[in-house]
Amino acid sequence: MKVALRTEGLSKQWGSFKANSDLNIALPVGARHALIGPNGAGKTTFINLLTGVFAPTSGKVYLGEENVTHLPQHQRVKRGMTRTFQINTLFPGLTVLESVVLAVCERRGIAGRWITTVAKQREAVEEAEDLLESLHLLQEADALTRNLPYGKQRLVEIALALATRPKILLLDEPGAGIPSAESAELFGVIARLPGDVTILFIEHDMGLVFRFAERITVLVGGRILTEGTPAEIAADERVKEVYLGEAQLG
Amino acid sequence: MTVAATVPPQPASPKLHRLPDGRWHRIEIVFWLLPLAAFFLLPGYLVLGSQILIVALFALSLDLILGYAGIVSLGHAAFFGIGAYTAGLLAVHGWGEPLSGLLLAGAVAAVAGYLVSFLVVRGEDLARLMVTLGIGLLLYEAANKAAFITGGVDGLSGVAMWKLLGVFQFDLGGKVAYLYSLAVLFLLFVLMRRLVNSPFGLSLRGLREGGKRMPAIGAPVRKRQVLIFTIAAGAAGIAGGLLAQTTQFVGLEVLGFPRSAELLIMLVLGGAGRLYGALIGAALFMVAQEVLSGLNPVYWQFWIGMLLVVVVLFARGGIMGAAEALYTSLWRKGK
Chain A
2 MKVALRTEGL SKQWGSFKAN SDLNIALPVG ARHALIGPNG AGKTTFINLL
52 TGVFAPTSGK VYLGEENVTH LPQHQRVKRG MTRTFQINTL FPGLTVLESV
102 VLAVCERRGI AGRWITTVAK QREAVEEAED LLESLHLLQE ADALTRNLPY
152 GKQRLVEIAL ALATRPKILL LDEPGAGIPS AESAELFGVI ARLPGDVTIL
202 FIEHDMGLVF RFAERITVLV GGRILTEGTP AEIAADERVK EVYLGEAQLG
Chain B
40 MTVAATVPPQ PASPKLHRLP DGRWHRIEIV FWLLPLAAFF LLPGYLVLGS
90 QILIVALFAL SLDLILGYAG IVSLGHAAFF GIGAYTAGLL AVHGWGEPLS
140 GLLLAGAVAA VAGYLVSFLV VRGEDLARLM VTLGIGLLLY EAANKAAFIT
190 GGVDGLSGVA MWKLLGVFQF DLGGKVAYLY SLAVLFLLFV LMRRLVNSPF
240 GLSLRGLREG GKRMPAIGAP VRKRQVLIFT IAAGAAGIAG GLLAQTTQFV
290 GLEVLGFPRS AELLIMLVLG GAGRLYGALI GAALFMVAQE VLSGLNPVYW
340 QFWIGMLLVV VVLFARGGIM GAAEALYTSL WRKGK
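Residue numbers (our numbering), protein chains in the order written: chain A, 2 to 251; chain B, 40 to 374.
So that you can see chain B by itself, here it is in the shape it has in the complex (with noise of 0.2 Å):
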């Protein structure tokens, strides 16, 4: 007889329950390698891919503060333009080197994000999108009549790169802007889901959930909001950063509120609060914007409007809410 035979079969854990773990799902996986494989298989669309990637992180930025903190605003393209930029001047005045040009973007947006914060984190939703909006603007007039830096309306031009680790020239058919902008959509993409499985993230949601509770179990609510929301600037200054590097141009739209405007859509049709969602709504996004401005360059936007609607109305949670709940029902049927 074998010892097997001989142990009786143990109850499963009564205490084995679920919590954030980190774990890599296959399909995690699966899901980043199509970016790779767009890389070889589409190489006719690396300039939109970059750009798609790197509008992704902006909306990953934005998902840490809404889809997790809960603090809504209508003023992130703020921080988004600030680290576009400091990137971009710092190229025009002679330090064209990417990954530090990159991280002073993040830093200074970040800077930026700790003094706005005190701002946004003292009212409730209807205070903090006017005041987010009211600082979008506000910069978004300074740095056009500020012309004499930024280039004003025309745009910020001269923005010569380096070579990217010494090694790789950035060329004009986008490869590696293509997978640079990749590489620094991933690493933060790890760094933010370890952050959002963490005891933080979870404090996050906490707050998200139950903002008035948080301070009656001992959450210093204020000091949380200050840090997502610093660390959300800086990772949308890194987003800017990254296209003034690999478009080689700043233009005063990536202050605008359209763009804080479309990040938000963006986040809803994708689904806020999972970081999977805004990659899938940045994406699915600038793919549709392309596709039916491609058919029809002035109404483009009825569709995405159309599409917001339904999904707002008919998928509860956007695109990743709907997949999630399919999922449940399937598996679900499937017991």
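Next up, chain A with everything else stripped away, as it sits in the complex (with noise of 0.2 Å):
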């Protein structure tokens, strides 16, 4: 099976706080793969990693079989590799259209133009429109994204990401601070992505990573605890003890 995504040995260190160890994961094309562990894992850090935000203090990491491990952010991205953010990393004094046209830009490779106007740019903004009536957000097209109310923000997270056409989706707790309805429509969005997108998520709600996840890796103090279907890690008693333990008593 043709892996796109894979970590070797991947670790961060910050002075003797080890965030992230020994990581090896592979994910093939079209995974639907959850990540999952208790407050302060280090699944964040580990997409921090993953993207080029941290660079880690030993190991690699592959997109197919390029080693991207020194590559920096923006070309990870061109490479088809893209991630949401936990707290909403937006454009706040930019219109949701500008946010979106932008991000289609960056991927065509017009953004550095500056002969043209961005109204212009036709098939950028068409398509940029058609993304956002696909999420509905359409009607919010014009306002500031500072504007608009929290769940919205939320789908303009996922716009933006998917306004890069990614290959690899990482998706760290998209549904994060919205209604659990919300949340499902969200992850209703992500479900009907392509088949060949190969998506890791983190998310605390359960239910969600259930229902949507093909594979589980639990992650506890920065290493991996186990991995398995849902049914392996629903039937796993340390997993039950470390985290699901937890989250019934929350």
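One side only, chain B facing chain A, incomplete, derived with CB under 10 Å:
{"hint": "1", "residue": "D60"}
{"hint": "2", "residue": "V235"}
{"hint": "3", "residue": "S237"}
{"hint": "4", "residue": "P238"}
{"hint": "5", "residue": "R244"}
{"hint": "6", "residue": "E248"}
{"hint": "7", "residue": "R252"}
{"hint": "8", "residue": "P254"}
{"hint": "9", "residue": "G257"}
{"hint": "10", "residue": "P259"}
{"hint": "11", "residue": "V260"}
{"hint": "12", "residue": "L266"}
{"hint": "13", "residue": "G312"}
If you're looking for bench data, these hints aren't it; they were derived computationally from the structure. Yeah, the Cβ is synthetic: ideal placement off N, Cα and C, and Gly gets one too.
Taking the hints as your guide, dock the two standalone chains into a single complex.
And the structure:
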């Protein structure tokens, strides 16, 4: 099976604190893979290492066969790996449409053009509008992103990521802070993505995780505790102890 | 029955959204007619007028990096000064052709900007302030020390300009200087306006609004910052070159910290990130300086300080921001 994303002994250490230790993970093309674990397990750090926000202390990241460990963030995006953020990281002073047009222009390699106006980039604009329509955001196209309700802003997070047409999509708690109904709707959008898009997502809502994920990796204290199908994970006593037990208590 | 009557009214396109389209609005045309009108109506103020136009161009260059790309600078005068000395030295040493001198002033400042940009884009706001401030001070003292080239504190005199386009001699009344400055300002404004309305301009606003998001959508952040810093330095250099050519003198203060700081004040007063804010801020500051220093040569900055505090506290986005807010609220009421 063709591997889309693979890590080899990926580790990140700050002083004596080991945020990620020797993480080996391989996601086949089209995977729907969840990364779960209690708070502070190192899930977001892992995404930051994958995307190049942090340089690993040791270990390697491969996109397909290519070692991208030392590539800057934007080069990894160009190669098809895109992320969303746990805390909205948007363009507050741009309109929703401007934000998505910008992302589309970046992907099309036309964001450096300065002779013609944004409005004249018809294909990019239409693509952005179609994307907003598919996310039911077209009504808000002219609104400043900062003026949107939080739930809509989470959708803009997704829109920006989808505008890059990712082959590998890393979702860091896409439903964080929004009601579970909206969260389920959001996952519905993600579920409709083409089957060859590889998805790794962090999520605390176990209902969504078990419904959506084909495989699950459990991270505890920066290490992989176990990995398996939802049924295997649900049956694993250690997971119940360190994570599900906590969730049930919570 | 006419054809028009048989065709049902078409709904407005659901996909007609606001995006930078670069269309000129009537108010902009009126705005640009004002300096032209001033040429005929205020012939006694053309020297001050030229200074305003030059400083306005300088403020525009800062607006590109600060207002659009969100890169703060306290040393932008470095590039203004480099341009001024380039054009001045060129004329002193026998090449007084204005347009080529101006182009070279811009080119030298752009090269300097390109080299400095790598230091500037590395840090965050405070580091950028300090790096740009440091470079400004460094250049000021270097120019002071190199008095055999720059004239030091006495300034660079003997800047002899040839006729503009081989026809128009720079006159004492400042007519040619005024129109020359206005033409250069307008030309560069048109280019900058084109730039900020383009995808590149949108990406600059993206840098300002979401610097952390930009690499996550695939944008080469450093490359864009280096590019706009270089362009802005070049424009500042052209402004400096214009000053040297039109006053036929280069004083050491072209590189001074006060020039950078005042520029920042102008931009905040007028409203950053709007181009017109830079123009209005520069004009307001220069006119206020002229009027207030006429009333009291010592304490005029008191009123500028007062104005700055009032604008920052009560008019978010400067004068242009306040005007936009007023326009929006009136438009809503009208609806």
